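> Listed below, chain by chain, are the residues.
There are 2 protein chains.
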Amino acid sequence: MTRILYTLCGHDESRPFSPHAWKAVMALAHKGLDFTESPTPFTGIPGLEDGVSKTVPILRDGERVVADSFAIARYLEEVYPDRPSLFEGPGGEAMARFIEGWSQTQIHPAVTAISIKKIHDMLGEADRAYFRRTREALLGKTLEEMDTAAEAAIEAFPAKLQPLRHMLRFQPFMGGDGPLFADYILFGALQWLRVVTGSVPFLPDDPAADWFERMLDLHGGIGRSVTTA
Amino acid sequence: MTRILYTLCGHDESRPFSPHAWKAVMALAHKGLDFTESPTPFTGIPGLEDGVSKTVPILRDGERVVADSFAIARYLEEVYPDRPSLFEGPGGEAMARFIEGWSQTQIHPAVTAISIKKIHDMLGEADRAYFRRTREALLGKTLEEMDTAAEAAIEAFPAKLQPLRHMLRFQPFMGGDGPLFADYILFGALQWLRVVTGSVPFLPDDPAADWFERMLDLHGGIGRSVTTA
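So the protein lines, in turn, are chains A and B.
Under the UniProt record's numbering, think of the first position of the first sequence as 1, with each following residue one higher.
Under the UniProt record's numbering, think of the first position of the second sequence as 1, with each following residue one higher.
Be aware that one or more of the hints could be misleading.
What the hints assert, rightly or not - Okay, derived cross-link-like pairs now, DSBU-like style, lysine-lysine, Cα gap no bigger than 35 Å in a straight line:
{"hint": "1", "chain 1": "A", "residue 1": "LYS141", "chain 2": "B", "residue 2": "LYS118"}
{"hint": "2", "chain 1": "A", "residue 1": "LYS54", "chain 2": "B", "residue 2": "LYS160"}
{"hint": "3", "chain 1": "A", "residue 1": "LYS160", "chain 2": "B", "residue 2": "LYS117"}
{"hint": "4", "chain 1": "B", "residue 1": "LYS31", "chain 2": "B", "residue 2": "LYS141"}
{"hint": "5", "chain 1": "A", "residue 1": "LYS160", "chain 2": "B", "residue 2": "LYS118"}
{"hint": "6", "chain 1": "A", "residue 1": "LYS118", "chain 2": "A", "residue 2": "LYS54"}
{"hint": "7", "chain 1": "B", "residue 1": "LYS141", "chain 2": "A", "residue 2": "LYS160"}
{"hint": "8", "chain 1": "B", "residue 1": "LYS160", "chain 2": "A", "residue 2": "LYS141"}
{"hint": "9", "chain 1": "B", "residue 1": "LYS118", "chain 2": "A", "residue 2": "LYS117"}
{"hint": "10", "chain 1": "B", "residue 1": "LYS160", "chain 2": "A", "residue 2": "LYS160"}
As the list claims (entries may be wrong) - Partial list, derived from the structure: chain B residues whose beta carbon lies under 8 Å from chain A:
{"hint": "11", "residue": "GLY32"}
{"hint": "12", "residue": "PHE35"}
{"hint": "13", "residue": "GLY92"}
{"hint": "14", "residue": "ALA94"}
{"hint": "15", "residue": "PHE98"}
{"hint": "16", "residue": "THR148"}
{"hint": "17", "residue": "ALA150"}
{"hint": "18", "residue": "ALA153"}
{"hint": "19", "residue": "ILE154"}
{"hint": "20", "residue": "ALA156"}
{"hint": "21", "residue": "PHE157"}
{"hint": "22", "residue": "PRO158"}
{"hint": "23", "residue": "PRO163"}
{"hint": "24", "residue": "LEU164"}
{"hint": "25", "residue": "LEU180"}
Worth flagging that the hints you see were computed from the coordinates, not collected in a lab.
A quick note: this is a predicted structure, and the numbers were derived from the prediction, not measured.
Note that the Cβ used here is the ideal one computed from N, Cα and C, for glycine as well.
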């Protein structure tokens, strides 16, 4: 059976960086499912799988095509119920939606502020023009203007992880004793920052950094294997 | 069987305001368990149940005494498994710990900034002295100095609920179709603010406000029944 995961890359295919695609990579690895990763530039996405989605990840699993990281996780949980669970019950699936909300509203804007110019710089030529046009229209500033806020965003970043640190006083993963899809949601955001900028700003002796190291070790070190900036 | 939940009150016993005690009230109601609430002033807590805990809630359930809101929820889930679940599986229990971390590190400091002087003012005489001494030592300012930040904290408050709003695009409760203990965690914090100050600052036409109204309606309107400031 053909199983392909379309992810996002710049001019270097070996450094896929989409946070949402990383969630899907980790979900497939969690389920122990083999797949071929197909890193795709921004401007290549509309041509994937008959234009099924404007964004990656997109999963082809035999005859089925599923877009959106959360939809992919739900699909995998439904179709491969005998593999390790991504949610450990309906409560875990529901609360993962809140954790997605936290990551996207609190962590993603911070990662964007830190890395937007660096993302641009790692893209191929066609993608650079697309990225500059769409992001500058969205945020009402030039990429260079946005980049002046990067240093302050780096300083402010460690405080964003306070909810995780509080939880880590009780358990090593959002999933409890082991990782679940909720962990992959936050991991995706921090891996995005790591791949693009080379590091994630943590506190000294930070339990959140220890969690991230545990995440990078998972599933044969699939996260750690990617070359960073 | 005697089931008593010790909660926290000021000079008016009909206005219990502890966020953690409200989590336990809602958890007991969720399980459909009858109980007698025993609102207690700060300075009365060390005398409860042989000084088992420095904080409320404390639950006496027949021969068993359990302190701490999360421990109470876990206890109820274990001892009353045939009643409606508070976690809907191990994933839901684990992720509720993250949601607790979010609420305590992001929402509780904001509620404290808005309401600390008003909390003081609703206490009895002995509690006022205790509260002023401990809080001023903890925060390094007088209550009156802290209160000057209240207006700015009110303005900043609605933005704190962005993760909830994102989630509400997909489902009506953190628990999914219905509330779970995770919802009671955030409810406790907002109910604390509501009981002490009379209202919660929301946006106009705020889906987060709609969620809070749904929470106030639950279990016979047990949250709404409390008189506010």
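> A separate judgement is required for each hint: does it hold in the structure or not?
Status of the hints after comparison with the structure:
1. For the given pair, LYS141(A) sits about 43 Å from LYS118(B) by alpha-carbon distance, which is inconsistent with the 35 Å threshold.
2. Between the alpha carbons of LYS54(A) and LYS160(B) the distance comes to roughly 30 Å, so the proposed pair stays at or under 35 Å and holds.
3. Annotation: proposed proximity of LYS160(A) to LYS117(B) holds, straight-line Cα distance about 27 Å (limit 35 Å).
4. At roughly 42 Å between alpha-carbon atoms, LYS31(B) and LYS141(B) are farther apart than 35 Å, so this suggested pair is violated.
5. Proposed proximity of LYS160(A) and LYS118(B) is supported: the alpha carbons are some 29 Å apart, at most 35 Å.
6. Restraint check for LYS118(A) and LYS54(A): the C-alpha separation of about 22 Å stays at or below 35 Å, so the hint holds.
7. Straight-line distance between C-alpha atoms of LYS141(B) and LYS160(A) comes to about 25 Å, which keeps the hinted pair within the 35 Å bound.
8. At roughly 25 Å between alpha-carbon atoms, LYS160(B) and LYS141(A) fall within 35 Å of each other, so this suggested pair holds.
9. Proposed proximity of LYS118(B) and LYS117(A) is contradicted: the alpha carbons are some 46 Å apart, above 35 Å.
10. Between the alpha carbons of LYS160(B) and LYS160(A) the distance comes to roughly 12 Å, so the proposed pair stays at or under 35 Å and holds.
11. For GLY32(B), the suggested interface contact is broken, since its CB lies about 18 Å from the closest CB of chain A, more than 8 Å.
12. Given hint, PHE35(B) at the interface with chain A, is violated; its Cβ is 23 Å from that chain's nearest Cβ, farther than 8 Å.
13. For the restraint placing GLY92(B) at the interface with chain A, the shortest Cβ-Cβ distance is roughly 2 Å, inside the 8 Å limit, so the hint holds.
14. Interface hint status for ALA94(B): upheld, as the beta-carbon distance to the closest one in chain A is roughly 3 Å, under 8 Å.
15. The restraint placing PHE98(B) at the interface with chain A holds, with a minimum CB-CB distance near 5 Å, inside the 8 Å limit.
16. A hinted interface residue such as THR148(B) counts as satisfied when its beta carbon comes closer than 8 Å to some beta carbon of chain A; here the least separation is about 23 Å, so the hint is violated.
17. The restraint placing ALA150(B) at the interface with chain A is violated, with a minimum CB-CB distance near 22 Å, outside the 8 Å limit.
18. Taken as an interface hint, ALA153(B) does not check out: its beta carbon lies about 17 Å from the nearest beta carbon of chain A, beyond 8 Å.
19. A hinted interface residue such as ILE154(B) counts as satisfied when its beta carbon comes closer than 8 Å to some beta carbon of chain A; here the least separation is about 20 Å, so the hint is violated.
20. Residue-level restraint check for ALA156(B) is violated (minimum Cβ-Cβ distance to chain A is 14 Å; threshold 8 Å).
21. Hint on PHE157(B) is violated. Least Cβ distance to chain A is approximately 15 Å, over the 8 Å limit.
22. Taking 8 Å as the C-beta cut-off, the interface hint given for PRO158(B) is violated, the closest approach to chain A being about 12 Å.
23. Of the supplied interface hints, the one on PRO163(B) holds, with its beta-carbon coming within about 4 Å of a beta-carbon of chain A, less than 8 Å.
24. Of the supplied interface hints, the one on LEU164(B) holds, with its beta-carbon coming within about 7 Å of a beta-carbon of chain A, less than 8 Å.
25. The beta carbon of LEU180(B) comes within 6 Å of a beta carbon in chain A, closer than 8 Å, and the hint placing it at the interface holds.
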